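Student: So the chains spell out like this:
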Amino acid sequence: MTTIDQSWWEEVILPQVEKPVRYTGNELNSIVKPHEDMTVRMAYAFPDVYEVGMSHLGTQILYALINARSTWCFERVFCPWVDMQEKMRTHDIALHTLETFTPVREFDLLGFTLQYEMSYTNILSMLDLAGIPLLREERSRQENAWPLVIGGGPCAYNPEPLADFFDLFLIGDAEEVLPALLELFETHRVRHTTRDAFLREAAGLDGLYVPEFYRVSYGPHGNVTRWEPTVPQAPPTVRKALLKRLEDAPFPDRPIVPYMDVIHDRIMLEVLRGCTHGCRFCQAGILYRPVRERSRETLLAQARTLMDATGHEDISLTSLSTADHTQLPGILDGLLEFCPARGVGISLPSLRVDTFSLGMAKKISSVRKTGLTFAPEAGSQRLRDVINKGVCEEDLMTVAEDAFRAGWERLKLYFMIGLPFEQEEDLEDIVRLGNKVLFLGKNIAREIGSKRRISVTLSASSFVPKPFTPFQWCAQDDLETLQDKQRFLRDRVRSRNLVFNYHKAELSHMEAAFARGDRRLGRVLLRAYRLGCAFDGWDERFRFDLWRLAFEECGLQSEDFACRSFQTSDRLPWDFIDCGVGKEWMLREYERARHAVLTPDCREKGCTGCGVCPEFDCRMELQEGDVDAHQNGI
Amino acid sequence: MRIRMEFEKGVSVAFVSHLELMKVFAQSARRAHLPVAVTEGFNPRPKLTFSSAVATGMASLAECADLELTQEMEAREVQTRLNAALPSGFIVHRARRLAGKTRSLMALNSHAAYRVRLRFIDARSIPDPERMRSCVVSFLARQDIMLRVERKGKIRDKDLRPGILAMEVRDDDQTVFELLLKAGSEGNVRPEHVMQAFIEWCGLDDVCAMRLEKTMTYGTDSSDQRVPLFEWQEQS
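Protein sequences appear in the order of chains A and B. Per our numbering, the very first residue in the first sequence carries number 1; after that it's consecutive. Per our numbering, the very first residue in the second sequence carries number 1001; after that it's consecutive.
This is chain A alone, in the form it adopts within the complex (with noise of 0.2 Å):
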């Protein structure tokens, strides 16, 4: 592959691009070091488009936190569009980084953040554009020819369908074990030992999975049969990395900030990790426990940091559940001492309904009220209480009303469907909830004299069971079924400015393949990407019919997966992950959920033995709080 003549680059190939600024790097707060001095050099591959990756926090803690060390240099490169894809094949160029331009095969590690299932055919795009093999094990066969090619983020808690193209997995917090990683390729690359050395050693790190180390066999019907170490090194079960303490944890101080408008052009001041509700659809809640907060002090001086350093209008405050904090009320306060007067807003990303104030939203607001967010989840209570969700219609009602005569016209409401124990009245529900909703809208505004419209959206996604939830044994509802739920909402909806929003439901069923998948879809993902699927995640871009074609060929089909549900006596393709929560609680959760019995917040209503604190030696992270003043909701 040639090397790139910037100017011809300049003038003949990014004048023909879309958004060439994707390609141009240059951005302010972004690391250049000379690779003649580095000892490790690093690239970080997001397997989206540039303004997709660039809106990710991951992206500017892992840069901060591996170009702090001098001699180790960590440079971005994201998958190129289409069209770039094209130019670059047909003018044999490769895929390089955006702070040098280098080559991404010429670099020590190259590493992949697994965010969404279907962006792995991107990877495989990338690998490819790089010109480094696909498979492992054809890149094993070259000592020191590739660099290692490894993965980290929520989706490497089931990470099989990926092993036949990565060399190693990094599973739970990065900020400990990446670190970690490359201090041993360091020892190991002065020792000049072996690729098979290093990766024996790796293993017995925590968080470190080494795919080439196990060997595998399932059942008639999905289930592991087999788990064998092939090594001394390799443990039977891989646990989580965690970070016991966000407080003093490294941030990005000083993050790049992009030129293009990414998705989110604002200061992501990340407030706490984890979360206490345990609601049962919901992976991220499990796999981040324990909730480790950041105390108000800590994010009030980084707040400062961040505005100086990038001179943002904005300032989101980021977690899973930003209004649990044990001390928002005064770090809102604490922030609008200053943010006002330098001109920047506030925000938060959604807003829990049993939590929302009115007083909080209205200091976060700013004067213009884009619309407000929440997640029901489910239209009756029988099924929110299945889900642990817990909240309840009458908190609904008062908090859109609240929104309503405070101003707000637009409201949306999130649901999913195809959840475990579904009837059709839930379904009823959905849309009676949002006809309840818009109605009080409606009166309300004719109440105050707004002359604005109302408006109240349905936002309805397929339920996905995901991997290390109390409902990973269950199947996703079958293609036909999830399609035949949405015609039935759709028909439902009648009412003048009640929308409804939903995404393909054969989109969520390939996602559902893969996040309950096994080693066996290695094959099916390459066949894929080879008949041409990639950004499979954008609506226009995903092609079911290979898809299907792919998993044809290799004699398997999705349902096989994704509509699979498995024993509880299975042993599960990821149960050689140790997250911490126990699988026993999540038995029992599944139980309740089964009776529409809730499991209440472990913050406040003390312990419900799910097991992460004493697997890890240790307590959840809160800082002390001003409880009085967030339960009375100021």
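These aren't lab readings, by the way, just hints derived from the structure by calculation.
Listing some non-contacts, in silico: residues in chain B with all C-beta distances to chain A over 10 Å: (1) 1008; (2) 1074; (3) 1104; (4) 1129; (5) 1130; (6) 1131; (7) 1165; (8) 1178; (9) 1184; (10) 1200; (11) 1201.
Taking lysine to any residue pairs in the SDA-like style, the calculated list, with each CA pair at most 25 Å apart, reads: (12) A:19 to B:1152; (13) A:19 to B:1052; (14) A:19 to B:1061; (15) A:363 to A:406.
As the structure is a computational prediction, the values presented were derived from the model and not from experiment. All C-beta atoms in this analysis are idealised placements derived from N, C-alpha and C, irrespective of residue type, glycine included.
Assemble chain B onto chain A, guided by the hints.
Tutor: Below, chain B alone, put in the same frame as chain A:
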């Protein structure tokens, strides 16, 4: 008070669009803790105006922008602080305080100078300097130079010739041209259109791309003299 600035958008950031460039200045002013005035209403925007929108892909050595501040400040200090905050590739070269009411930069912008380099697929097909110069002479001698443009669904023919004030081949490199074109709200002529027409006129089939750079933004003073827009003064 208002500060008028002349700034550079460098080659390393040529592909930043105009809207993105506006954001760069707004964010940099914020980082520099400059007391920027904002517009009234629901969506407060910084009071920052530009003489023109530099095309995406084009670098510019001399663009003009006006920045309104809520407090009195020395132009030099604004320049220093802004330069310290701007990302690399953007440099404010000159800054001065504006006195009293002035017309908008966009209204004052009358002309622009450009440097264009043609890229040939094969170096052997580059015409010699004499040929290139005589091509330019005959090109400029034309009565009209028509360009087919489509705007709002309608196809119109536009005559580029009146908008071309000067066009020269560089002495040291016959693939590089210096253009002086009309700019602004009336009669704006784009350098890439002029070059496209020239390439066709001269039969330069081997040209595969061009590099465009704006070298100066001009206004016209009361005695009809062209002057760098930054230096334009309201005559009393």
